[in-house]
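K.L.:
Residues per chain, in single letters:
4 protein chains.
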Amino acid sequence: MQIGLIGLGKMGNNMRTRLRNAGIEVTGYDRNPAVTDVPDLAALAAALPAPRIVWVMVPAGEITDGVIHDLADVLDEGDLIIDGGNSKWTEDFKHSEYLVPKGIEFMDAGVSGGVWGLENGYGLMVGGTAENVERAMPIFDALRPEGPREEGFVHVGEVGAGHYAKMVHNGIEYGIMQAYAEGYELLDTKKDIIKDVTGTFKAWQRGTVVRSWLLDLLVRALEADPEFHDIQGYVQDSGEGRWTLEEAIENAVPMPAISAAIFARFVSRQEDSPSMKAVAALRNQFGGHAVKELD
Amino acid sequence: MQIGLIGLGKMGNNMRTRLRNAGIEVTGYDRNPAVTDVPDLAALAAALPAPRIVWVMVPAGEITDGVIHDLADVLDEGDLIIDGGNSKWTEDFKHSEYLVPKGIEFMDAGVSGGVWGLENGYGLMVGGTAENVERAMPIFDALRPEGPREEGFVHVGEVGAGHYAKMVHNGIEYGIMQAYAEGYELLDTKKDIIKDVTGTFKAWQRGTVVRSWLLDLLVRALEADPEFHDIQGYVQDSGEGRWTLEEAIENAVPMPAISAAIFARFVSRQEDSPSMKAVAALRNQFGGHAVKELD
Amino acid sequence: MQIGLIGLGKMGNNMRTRLRNAGIEVTGYDRNPAVTDVPDLAALAAALPAPRIVWVMVPAGEITDGVIHDLADVLDEGDLIIDGGNSKWTEDFKHSEYLVPKGIEFMDAGVSGGVWGLENGYGLMVGGTAENVERAMPIFDALRPEGPREEGFVHVGEVGAGHYAKMVHNGIEYGIMQAYAEGYELLDTKKDIIKDVTGTFKAWQRGTVVRSWLLDLLVRALEADPEFHDIQGYVQDSGEGRWTLEEAIENAVPMPAISAAIFARFVSRQEDSPSMKAVAALRNQFGGHAVKELD
Amino acid sequence: MQIGLIGLGKMGNNMRTRLRNAGIEVTGYDRNPAVTDVPDLAALAAALPAPRIVWVMVPAGEITDGVIHDLADVLDEGDLIIDGGNSKWTEDFKHSEYLVPKGIEFMDAGVSGGVWGLENGYGLMVGGTAENVERAMPIFDALRPEGPREEGFVHVGEVGAGHYAKMVHNGIEYGIMQAYAEGYELLDTKKDIIKDVTGTFKAWQRGTVVRSWLLDLLVRALEADPEFHDIQGYVQDSGEGRWTLEEAIENAVPMPAISAAIFARFVSRQEDSPSMKAVAALRNQFGGHAVKELD
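Chains as they are written, first to last, in full-length UniProt numbering: chain F, 1 to 295; chain U, 1 to 295; chain E, 1 to 295; chain Z, 1 to 295.
Please keep in mind that the hints were generated in silico from the structure rather than gathered at the bench.
Where hints are given, some of them may not hold.
Copies of the same chain are indistinguishable here, so a pair counts whether it falls within one copy or spans any two.
The list that follows gives simulated cross-link-like pairs (lysine to aspartate or glutamate, EDC-like), each with its CA atoms no further than 16 Å apart [unchecked claim]:
| hint | residue 1 | residue 2 |
| --- | --- | --- |
| 1 | 102 | 225 |
| 2 | 88 | 225 |
| 3 | 94 | 158 |
| 4 | 190 | 119 |
| 5 | 292 | 225 |
Keep in mind it's a predicted model, so treat the numbers as computed, not measured.
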């Protein structure tokens, strides 16, 4: 099997390697001439046997949008585009509709696994027709972890369903990380009682109810930098968490823990909190409580 | 009527004035010789006609504890102590039991109103026997706001009930302040749309559903310092909010909004967040996401 | 001054009365022949002197959309439409743009006050040009509460700003109501301590930090039905709370208390909780903890 | 090695089996004559070689308290009691102090693993002196999972530290379960998009960031009862979550996600919500919004 892969960044580059290791021929394209296999998309199309399969692995939003439009100009009827990036699921509808008149097929694939996917394989959640799933299965089998297919791959539903599932996956991820983090902070605060914070997390890796891959990573991080001396408590969010919360609101699904995780990230990025200024001002007004003035 | 008043700080001093304005004779005692009316508690006891009434208005905890024990040594059977400070309600049980063998009566009074109480009167929530409530009613009538008694005073229940009600009052206060503060932050963030943040709050003071005294104070604060330029978003908490939350936990009462208000204050006082360090470290581990390193 | 008013439901009918009481001539239109002053929009337009002012007070969404489009067909250049309903602020942009080519002016007005507005007046937050605000000021002055104009009216910004401010107002309202409700639940749960729950809330109405109009209404409700025997804990939400939360997400504004209020409403409407089923199932899996089976 | 084990319920019975499989002689005592090895505690003490080690595995609170006091009457100086139940960490101080005058040693051991511990081993967090840890290590090695000791066992600190760590472990567990549950509810709600909810969770088991043992259990539960038709969304809580939250409050540690998980359980057990009754009553008061009346 031979496929095209657009985007050879941190994720795409690893995926190219994993696919090649599995015997799939990959022609990669990236704007960065140092890593690309072909000079442009036309060359990519020319290099692939028809009907072509092209996996898009670029940042969500305008860049993905642009790539899909550009691809539409060089691909032919019957070709298949798979968006493996972190696109919002509603984008999939747009992309699919854009491609229909040209006869180009479309699938979305949510991909989880991070930088470890090269070695461990990637958890895959895909949306599209059964025919397209069947057609691309060798790619999915190459990317997913070893073991039973259904433990590392799922055909979630129609176009958009893969990214929807991936979005919720990431929302859950936010919540789990926040849970470990809150527990960490309490243990870290009670060092008069807890003499070995890192050792405590380490001891949870086997046998306990909270064992998980994220726990293993937390242990790894604590062993590298106990008490996180070199790390600021400043956390970005990449979109999926917000979209999950928007979907919760839209569908009247209560989501108190995941929303807490997202709000904690928002706060972490603020130099000072406007809302807490307001509360401090109020306390000063009614109780004469001192406020901390800025120098 | 003549009573003793212990503690002539920000609150106690105002209360002495309001009581005197209402025609109640007040003998005040404070450790600060500049403001006290008598040199010590013995002199206070000597100055009051038996059976005495002494209102205690000192910081909750050890200081209140000490004052009540010291008072017990100079008061006589039939005297009445009213703790008007912010004591935890469980302290009232202790104090009442301590005084029973000496025949000294005890009541607790939750007092709200802050520095404005001198002028507006204080909202009062008291716990104790009907006899003691009756006996101290002239004091309550002097302290409470004008208008119907039941709109500024309540006999909540037995000893402890007054402080319990005041505790919940303050828990609610935390939640309300947080609600205004979150709304403020959103308006403040959207200044491309909201051209007059202060004016918006100001316009809510009459007619709208959210009009309140706290809103009036927020407007006052915004008019004094628009955008809170001189205020840090650093907020203390004084105990009642935590106790409210502890009681919620103890009684399986869900309290998501009030707890959110309390946690927001905790965060506001952190220079950096251990939990957010942990989340940043995790994201770095699985995704290679950059962390902000400390300099 | 003479204006048109479309929508004579609970809110619109009261507003017509208040406007008329203030000496403004109002021609009302409603689909309900029992309350309308004119048979159709054409008759409404014919009844008004040019340049006309028409206040739209119908349910947000499709109905408001339809009314504005229909109005555009019967109004002339220079006329002014004011949307006083609960439209989402982004709708205002659409409506304004739709009317521009026809030379019809547009303003949005957030209106708060509920069924009490007839008597108390309505808090008003408006968006639009300074010229249009000036032109409609007699209407605003008639609708707003007595007292200084700036305590019951604000020109928030351009078109959309009025509804934006009203949206945030309602988000805050959700948070405040939740704070009182959580406090109520704790007091109600501790009736061994709190012998007079209604009386406690009643006593907060004067003097305390939490006094507010919503508190007055809570007292009114408790006096009508102590312990809320006849009321189910089932709470709708009308849109503004969700939009506020969406805006918080969009703008990275932490909103833990207001979101908690919204999620509590979502939960209140569920017969059973899918998420709690999942937690119960998990506990059963790892700990053999019994689950409650459905009959 | 030979030890005593008190409490042969779901957990204790499995632990006896695992210990015996590892070659440790176990004399078990339980009030239930059908499962006990000896008729009473005196017989247990007589059956063990001095200095004795006795592992207590009974419900936390009064029962553990009673067992430790009864044990103190039949044990001798130099014997060691290990409390492996879910006692609150502050209980450990009490128990340890009670035993000191009798020369009986004490350790606390937090044990995680549930009904799966028999096969997988139990994650262990212990508090006590280094000497006692050393002395009991063969027991810990028998109970903990295979693999490196430090991945299934930790000496957390002095007496109480083991249960403290276990408490936080369970708090984290609450948060993680809530995160999966919220994600589940959203996927379950969007079945127009998500055609295979169980399959989606199943596909996360390998390769994804959220893979964990709890996820494996959730898949197991979903496969046994898709959509949880036979399960009510009614969830108990066993104490550790509440204590974790109390500790967070005591130490000013923000804990929004874990608290959300606990509050969700509280709500799940309510037939109707007093707080939501209050909100419904308020909406009715200001807006005339209909309330759902009880039949």
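K.L.:
Each of the hints needs a verdict: does it hold here or not?
P.N.:
For each hint, the structure was consulted:
1. 102 - 225: Result: close neither inside a copy nor across copies, 53 Å intra and 43 Å inter.
2. 88 - 225: neither (35 Å within a copy, 31 Å between copies)
3. 94 - 158: Answer is within; shortest intra-copy Cα gap is 13 Å, inter-copy 32 Å.
4. 190 - 119: Classified as neither: same-chain Cα gap 37 Å, cross-chain 33 Å, threshold 16 Å.
5. 292 - 225: Between copies only: 14 Å across, 33 Å inside.
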